[in-house]
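Based on these hints, arrange chain G on the given structure of chain V.
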Amino acid sequence: MIEIVSRERCVGCDKCVEVCPTNVFDTGADGVPSIARQDDCQTCFLCEAYCPVDALFVDPRSHPLPQPPDERALAAAGTLGAYRRQIGWGRGRTPGARLAVGPALNRSGPPLTS
Amino acid sequence: MTDPSTATGTDLTADVLVAGGGPAGAWAAVKAAEAGANVVLADKGYLGTSGATAAAGTGVWYVEPDPAAREAAMASREGLGGHLADRAWMARVLDQTYANMNELAEISKYPFPVGPDGRQIRRGLQGPEYMRRMRVRVRRAGVRVLDHSPVTELLADGSGAVAGAAGRRLRAGGEFRVRAGAVVLATGGCAFLSRALGCDVNTGDGALFAAEAGAELSGMEFSNAYAIAPAFTSVTKTAFYSFATFYRADGTVLEGAGSQKGRSVIARTLLDEPVLCRIDRATPDERAAMRLAQPNFFLPFDRQGIDPFHDLFPVTLLAEGTVRGTGGIRITGPDCSTSVPGLYAAGDAATRELICGGFTGGGSHNAAWAMSSGTWAGQGAARHAAALGGGAARRRTRPLGAAGIRPAGRPALDHREVTAAVRAEVLPYDKNYLRHGDRLAPALAALDDTWRALRDGLAGAGVDGARARSAAAMAAHARWMYRAALARTETRGMHKREDRPGADPAQHFRLVTGGLDEIWTRPETAVAAVAP
Numbered sequence: 002m003i004e005i006v007s008r009e010r011c012v013g014c015d016k017c018v019e020v021c022p023t024n025v026f027d028t029g030a031d032g033v034p035s036i037a038r039q040d041d042c043q044t045c046f047l048c049e050a051y052c053p054v055d056a057l058f059v060d061p062r063s064h065p066l067p068q069p070p071d072e073r074a075l076a077a078a079g080t081l082g083a084y085r086r087q088i089g090w091g092r093g094r095t096p097g098a099r100l101a102v103g104p105a106l107n108r109s110g111p112p113l114t115s
Numbered sequence: 215m216t217d218p219s220t221a222t223g224t225d226l227t228a229d230v231l232v233a234g235g236g237p238a239g240a241w242a243a244v245k246a247a248e249a250g251a252n253v254v255l256a257d258k259g260y261l262g263t264s265g266a267t268a269a270a271g272t273g274v275w276y277v278e279p280d281p282a283a284r285e286a287a288m289a290s291r292e293g294l295g296g297h298l299a300d301r302a303w304m305a306r307v308l309d310q311t312y313a314n315m316n317e318l319a320e321i322s323k324y325p326f327p328v329g330p331d332g333r334q335i336r337r338g339l340q341g342p343e344y345m346r347r348m349r350v351r352v353r354r355a356g357v358r359v360l361d362h363s364p365v366t367e368l369l370a371d372g373s374g375a376v377a378g379a380a381g382r383r384l385r386a387g388g389e390f391r392v393r394a395g396a397v398v399l400a401t402g403g404c405a406f407l408s409r410a411l412g413c414d415v416n417t418g419d420g421a422l423f424a425a426e427a428g429a430e431l432s433g434m435e436f437s438n439a440y441a442i443a444p445a446f447t448s449v450t451k452t453a454f455y456s457f458a459t460f461y462r463a464d465g466t467v468l469e470g471a472g473s474q475k476g477r478s479v480i481a482r483t484l485l486d487e488p489v490l491c492r493i494d495r496a497t498p499d500e501r502a503a504m505r506l507a508q509p510n511f512f513l514p515f516d517r518q519g520i521d522p523f524h525d526l527f528p529v530t531l532l533a534e535g536t537v538r539g540t541g542g543i544r545i546t547g548p549d550c551s552t553s554v555p556g557l558y559a560a561g562d563a564a565t566r567e568l569i570c571g572g573f574t575g576g577g578s579h580n581a582a583w584a585m586s587s588g589t590w591a592g593q594g595a596a597r598h599a600a601a602l603g604g605g606a607a608r609r610r611t612r613p614l615g616a617a618g619i620r621p622a623g624r625p626a627l628d629h630r631e632v633t634a635a636v637r638a639e640v641l642p643y644d645k646n647y648l649r650h651g652d653r654l655a656p657a658l659a660a661l662d663d664t665w666r667a668l669r670d671g672l673a674g675a676g677v678d679g680a681r682a683r684s685a686a687a688m689a690a691h692a693r694w695m696y697r698a699a700l701a702r703t704e705t706r707g708m709h710k711r712e713d714r715p716g717a718d719p720a721q722h723f724r725l726v727t728g729g730l731d732e733i734w735t736r737p738e739t740a741v742a743a744v745a746p
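For the record, the sequence lines run as chains V and G. Under this note's numbering, think of the first position of the first sequence as 2, with each following residue one higher. Under this note's numbering, think of the first position of the second sequence as 215, with each following residue one higher.
Just chain V, with the same shape it has in the complex (with noise of 0.2 Å):
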C-alpha cells in the first residue's frame, strides 16, 4: 500500500490525486497530497509511475504496515523511484516497453513481451 508521500521531494503537482484509480489521495491545504483513504489502496504502483519527482513509496504488501518505511534509507537505496525507473518513464528514458523481450515459457515458443 501506499506509505510515503515525501514532503522534501513533493511539487504539488496533484498527479497522484488525479490518477489514483481508487481515489486514496486528498490533496493537502499545504500543498503536499495526504493518503486519505490508505484501505482503499489497492497498491497497483501507478501513483509512483506517475510522479515526476519520485516522491512516493508504495510497500508491495496490500496491508497498512504498522508504520511507514523510513523514507531517507529507501531514497539512499535508490527505492523510491525505482519502478518509474524501471518501465523507462521520464525524461531521457528509453520506455520500458521497448526492452520488454521476456524468456520463452516452453523453449520452443516464442518470447513473452509482458
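Keep in mind that the hints were calculated from the coordinates and are not lab data. Honestly, I wouldn't trust all of these hints.
Just some of the chain V residues that point at chain G, by a computed CB distance under 10 Å [to be verified]:
1) Cys14
2) Asn24
3) Ala98
Here's a subset of chain G near chain V, in silico, CB distances under 10 Å, partners left out [claimed, not checked]:
4) Ser264
5) Leu532
6) Arg624
7) Leu641
8) Tyr643
9) Ala675
10) Val726
No experiment lies behind these values; they were computed from the predicted model shown. A virtual CB, placed ideally from N, CA and C, is assigned to each residue, including glycine.
Relative to chain V, chain G alone:
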C-alpha cells in the same frame, strides 16, 4: 453541438455513453467517436490507470494473418474451453485484434520491442504504457472524460430501451447524469475486492446494471479463476511461476503443484498450511529477461529483500472471479449488442465464451477480446444512436437501479457488512475454486440471504452510495456464479466439480443466467451469429 465546458457539469447529453475506462471502454469510446458519435466516457477511477490491464500488462492474441497460424491459434484452446467457443467469433477477433494492435503501433506510436529480424514484436503490452497512450487517443478523438465518476445505474426510456446512465462524482462531488442514444458497458469483470493487481475497481457493476435493464448473462459458472501472488501482496503476475517449484513449509517439494496444471494442489494445500515457492528452473539469461518483460513482477521481491531465484517465499492465491474467468453479460449480435435495445457490452464485462469457451480468458485472449469487442460495441452504439436521431439524448428517462440504491425498506445496512458477507462465500478456495455441490448450495443460500437483506436495507449517500452499489453488484455476481455452477452438473473448462468429475456430452451448451431476486438458468439455444 454540446458545449465541451459542460464536461464538468452534472447533466450531459451524448450519442454514446461508455461506462468504464479500461482497454475495452477506451477502444469503444475511440471507435464510437471515429464513427461520428458525440461520446462521454465515465470511469469510477481514472482512464489510464483503472482496471486489470493498466497495472499489470498482458500478452495479446496477435497472430499474423497466415491461415496455418490462425488455424493453430484457434485450435489451441478449444479443448481446454470445453468446446464452447465459436470459430467465427475467434476468426473475427483475430482480425480485429491484428488491426487494433497495428493502430497502436502506427497511431499511438506504442514502443513495441524489436525482434532479431528487425520487426516489431506486437504480442504483448505493458499496462501503464498501453493505457496512458489510450487515454491520449480517447481525448484526441474528442471524447469527454469523467474520471472518478462511477456509474451507479442505467436510465431507460418509456419502451425499456437504455437511454443513458447516472452516477456519482467522487472528487468533484455530487451526482451526474448522461442521457445518450446508447450505452456501452465496459466496467470489467468481478474480483470481489481480492486485491488482485489492479482489480479492486472490478466489482461487477456493469452486470448488475445490465440485469436490471433486463439483459442476460452467460458463462457465469466459469468464474473460479485464482492467481498466484507472493503472500500478502497484490502482484498476480503468474507467467513466471512456470519456472517455479513449490514446496511445503518443511522444504519438501509439493508434488503435483504447478502454475498451469496443479494450481488446485496449491489451493488444497493452502487450506491447511503455507505453500512456499522458488523460481528455480530459469537460466541466468531467462532471469535477466524476466526483469525486462515484467518489472512489476519483481516489486514484491525487491522491496522485501527476497531473491526469488534463491530464496523460498510464501505464496497465496487471489480470486480473480470473472476478470480471468469468462462469464459476463450475454452478447446477442456481432456488434456486441445485448438483448436490451441501446445496451452494448465489451471487455471483461461481457462473456468471453465466444472465443475462450469455458477456460480462463486471462491474458492474451481477454486483451484481444477487450480491444475487439470494444471496437464493435463502440461502432454499434454509434450506429444505434445515429438511427435514433438527434432527439435520442433528450428522451424522458427513468432510473433502473434497485438493489443498493433504492432499498425496499429503511436503509439500515452498511456496504461493508454486505461486502464481507459476499467475500466470505466467494474467496475461500474450498467454496469457489475446489467446487462441490455440497458446499456450493449452502454458500448460495447464504448469498441469497445477504441479497434479501440488502434489497431491503442497503443504500448510501455520496461515495458510500457508489460503494453500496458495488456491494450489491458483488452479491448479485456471486449468486449468478453459484446458481450457474450448481446448474452445470459436470466438469467442463475451468468449472471443475469434485462431485461431478468428467464432462457430460448432454451439457455441451452455454448456460444463460439472469434475474435478480429470482435467479434462473437455461441452456443457450440460439447462438449470436457473426453475420450482421
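Evaluation of the interface hint that places Asn24/V against chain G, nearest CB under 10 Å: holds (5 Å)
Interface hint compliance - Leu532/G to chain V, C-beta minimum distance less than 10 Å: Because about 9 Å separates Leu532/G from the closest Cβ in chain V, which is inside the 10 Å limit, the hint holds.
Interface hint for Tyr643/G, Cβ within 10 Å of any Cβ on chain V: Violated. Min distance 18 Å.
Supplied contact hint for Cys14/V, tested at 10 Å Cβ to chain G: violated (15 Å)
Given hint Ala98/V near chain G, where the shortest CB pair must fall under 10 Å: For Ala98/V, the interface hint holds, since the closest Cβ of chain G sits about 4 Å away, which is under 10 Å.
Hint validity - Arg624/G Cβ closer than 10 Å to any chain V Cβ: Status violated, d = 27 Å.
Interface hint status, Leu641/G versus chain V (Cβ within 10 Å): violated (14 Å)
Closest C-beta approach of Ser264/G to chain V relative to 10 Å, hint status: Holds. Min distance 4 Å.
Per-residue hint verdict: Val726/G, partner chain V, C-beta under 10 Å: Since chain V brings no Cβ nearer than about 32 Å to Val726/G, farther than 10 Å, the hint is violated.
Interface hint status, Ala675/G versus chain V (Cβ within 10 Å): violated (16 Å)
Checked against the numbered hints given earlier, this structure breaks hints 1, 6, 7, 8, 9 and 10; the rest are met.
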